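2 protein chains.
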Amino acid sequence: MAKCLVAQSGGPTSVINATVAGVVKANQLNPIYDTVLGGIHGIEGILNEQFVDLTHMSEEENQILRQTPSSALGSCRYKLKRENVADFKRLFEVMEKHDIRTLFYTGGNDSMDTVAALDEYAKANNIEGFQFVGCPKTVDNDLMVMDHAPGFASAAKFIATTAYQTWMDSTVYTRQDVFILETMGRDAGWLAASACVSGIVDVLVLPELPFDKEAFLAAVKKQLDAKNKCYVVVSEGVRYADGTYLAAGESKNDTFGHAVLGGAGNALKELILDSGISERAKVQDLSNAQRSHASEQSKVDVEESFKLGMSAHMRSVDPKFSGQTVYVRRVEGDTYDVEFDATASSNIANHVRNFPQEWVLPNFAGITEEAHAYFAPLLVGRPDIKFDEKGLPLQVKPYYMR
Amino acid sequence: MAKCLVAQSGGPTSVINATVAGVVKANQLNPIYDTVLGGIHGIEGILNEQFVDLTHMSEEENQILRQTPSSALGSCRYKLKRENVADFKRLFEVMEKHDIRTLFYTGGNDSMDTVAALDEYAKANNIEGFQFVGCPKTVDNDLMVMDHAPGFASAAKFIATTAYQTWMDSTVYTRQDVFILETMGRDAGWLAASACVSGIVDVLVLPELPFDKEAFLAAVKKQLDAKNKCYVVVSEGVRYADGTYLAAGESKNDTFGHAVLGGAGNALKELILDSGISERAKVQDLSNAQRSHASEQSKVDVEESFKLGMSAHMRSVDPKFSGQTVYVRRVEGDTYDVEFDATASSNIANHVRNFPQEWVLPNFAGITEEAHAYFAPLLVGRPDIKFDEKGLPLQVKPYYMR
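These protein sequence lines are chains D and H, in that order.
Position 211 (the first sequence) corresponds to 211 in the UniProt record's numbering; numbering is contiguous.
Position 172 (the second sequence) corresponds to 172 in the UniProt record's numbering; numbering is contiguous.
Quick caveat, the hints were computed from the structure, so don't treat them as lab data.
No experiment lies behind these values; they were computed from the predicted model shown.
There's no promise every hint is true.
As the list makes no split between identical chains, a pair holds if one copy fits it or if it spans any two.
[As the list claims (entries may be wrong)] Under the rule of at most 30 Å between Cα atoms (straight-line distance), these lysine-lysine pairs were calculated in the BS3-like manner:
1) Lys320 with Lys89
2) Lys282 with Lys213
3) Lys81 with Lys390
4) Lys221 with Lys123
5) Lys81 with Lys282
6) Lys222 with Lys123
7) Lys397 with Lys299
The following block holds chain D by itself, in its conformation from the complex (with noise of 0.2 Å):
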């Protein structure tokens, strides 16, 4: 018998953790590996030979790892280049030295691509043994084939949830107030449009269509003249139609090239000042905090994401089973089901899916109700978690602290 590794890349989510939980468990169900490695920091510390065990995990520490948010293992931003062979050879003399057949990555497009290029890689050398599984998460829900990504789920619990809350906070006072809530996402408007669920989203921005300022400042206008206050939901990743961001005074690279944003709120609150339709406007850019929130996980999608982990472990039982995604595919159906499957790595890597334009009302009026169909299953139940004795959810100290 072999080892298997399980790693975690990208940015953090409420309940990547509950994932490499959902690998462990089922090899203690069918120990078809004798040893399950956690790696730390993804791909930059397997390249280290930094691992952790965790065959052994007892069943209170499993159930704590799900409720601990972001990347327990440590995470990477380290990204496999195909023309960086000797990152290629390394890992896989790594593998080779540590009895390691197969690879659980999670991660996001970016992650898939590293999925993808080291079965590419295998496959091309002839190297026979190994196996690379994909484990998508993302709270941007901008991944190609799957109904939705793990994670995205529990961000939009909470962006919904902080919607509703601060638009209560927004509307006591009998003045005029507008009220700008900034949520994550660079390309696709998922967990803006997810604070729809809320009921109280009156103008909704997303990255999918170019920014009409003056449309906005109608739309803003109309909400203010009725009622005297808006509440305002923006995409960090918001574009003028000539590709510019709103937030472009504040934007530069990141090591792979994306746009490092934030501050779209900010620019919309100064648009509105300017346009003198309103002399008040309260930013709140939700930040790190959105993706990071496991008090508020969705349990559906602690559960999903925990079983991803299972099935991805069940499937490596085949040894061809390499450079494939595991993902969660909706049931069709009155009530809301899911089954799992699995694609090429490579279809996911590197594409973005958007949130569909059909979806959207004109005059950045929020979603339709096939989008609100959409939501409705997902943010579903509380898990029962355990808390310490001052009241804080207990939470697995980090591997890569140990």
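Add chain H to chain D, keeping to what the hints say.
Relative to chain D, chain H alone:
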């Protein structure tokens, strides 16, 4: 029998409605008033005779009201000024007209001043048959006399939880990282200090101590040298020794002459980047979400706020009980327990209770064991809350929108 009137003022909290629910429930248990009116938008709406009848609120609505954040009756920033005699005359006229004997007023130190002023006016003018009772609330926890103010513990719980979770989020990469969490707290550092309950705060910047830039940068650098990460918590109201706010660039005054703050986190970020000790610093301003995040209420806080409303109602059976504020006193002993007491509202009005300087460790290193012992029991417990079919917490429709 006469009526009573309960109204809300000042900034929202997560549990301010529980006090209203307590007044209503107490009158159902012992109907010393024939009607319990809710005043819409505080004093501002009362002067306009805007009321809602809460007398026969169902147990179900009462429970949902307790889990509803913000001010369900609406709030106001309108201050009764003693020189503005017309307002006083009008208020007594409205109370007389509607047969309102008692006004329960929830709020912070400005609102307690309103309670004191109304009682003084009545006594000075020999107006009999009216009672004014203060019910304290503030997330800032800066009210005199009491052990803690209702509303504080739930905000503190959200802050401590979010601190822990964003700390995990900010440490997942191997790179150097500085994360700065900005909390509310104009003059008092209670909220910022409460982040220390999470156990992960490296550098705590409170408004009670004049800000020393060099000492701050040294504290951050020490952490970065030791572990390449630094988690900073800062209160919005931090000032230099000359009284200038860190966030001075954005400060202006609100209608009460208070400085409107925001941006202390960004000011620290700039200091850090300019100093060259780190190339990265991320800021999260918790903004309004921290005071309205009812999904993470402290059970202790909700129950105390509810009981405080009941206590205020029950004490008002004594016609001489006026110009008084009901408050929570911690009972000495090994187990956490409180009793409810009352004090002249003038003892609370217009004062600020700072976070004790003797609870602050030198060099921004956090808080003492005594401070930890103070916080420890306040955040405990998760109320059993009710959810709608989409997975969001049920909340009453604001009475000011009905």
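Task: Within, between, both or neither, where Lys222 and Lys123 count as close if Cα-Cα is 30 Å or less - done: neither (59 Å within a copy, 49 Å between copies)
TODO: Classify it for me, Lys81 with Lys282: is the Cα-Cα distance of at most 30 Å met within a copy, between copies, both or neither?
DONE: This pair counts as between: shortest inter-copy Cα distance 28 Å, intra-copy 43 Å.
- [ ] Could you place Lys81 and Lys390 in one of the four classes (within, between, both, neither) given a Cα distance threshold of 30 Å?
- [x] neither (46 Å within a copy, 42 Å between copies)
Task: Up to 30 Å CA-CA - Lys89 versus Lys320, copy category - done: For Lys320 and Lys89, only the intra-copy Cα distance (21 Å) is at most 30 Å; the inter-copy one is 85 Å.
Task: Alpha-carbon proximity context of Lys397 and Lys299, limit 30 Å - done: For Lys397 and Lys299, the Cα distance is within 30 Å both inside one copy (22 Å) and across copies (26 Å).
- [ ] State whether the alpha carbon distance between Lys282 and Lys213 is at most 30 Å within one copy, between copies, both, or neither.
- [x] Both, since 18 Å and 29 Å are each at most 30 Å.
Task: Lys221 and Lys123: within-copy, between-copy, both or neither at 30 Å Cα - done: neither (59 Å within a copy, 48 Å between copies)
Figure legend: structure checked against the earlier numbered hints; hints not met, in rising order: 3, 4, 6.
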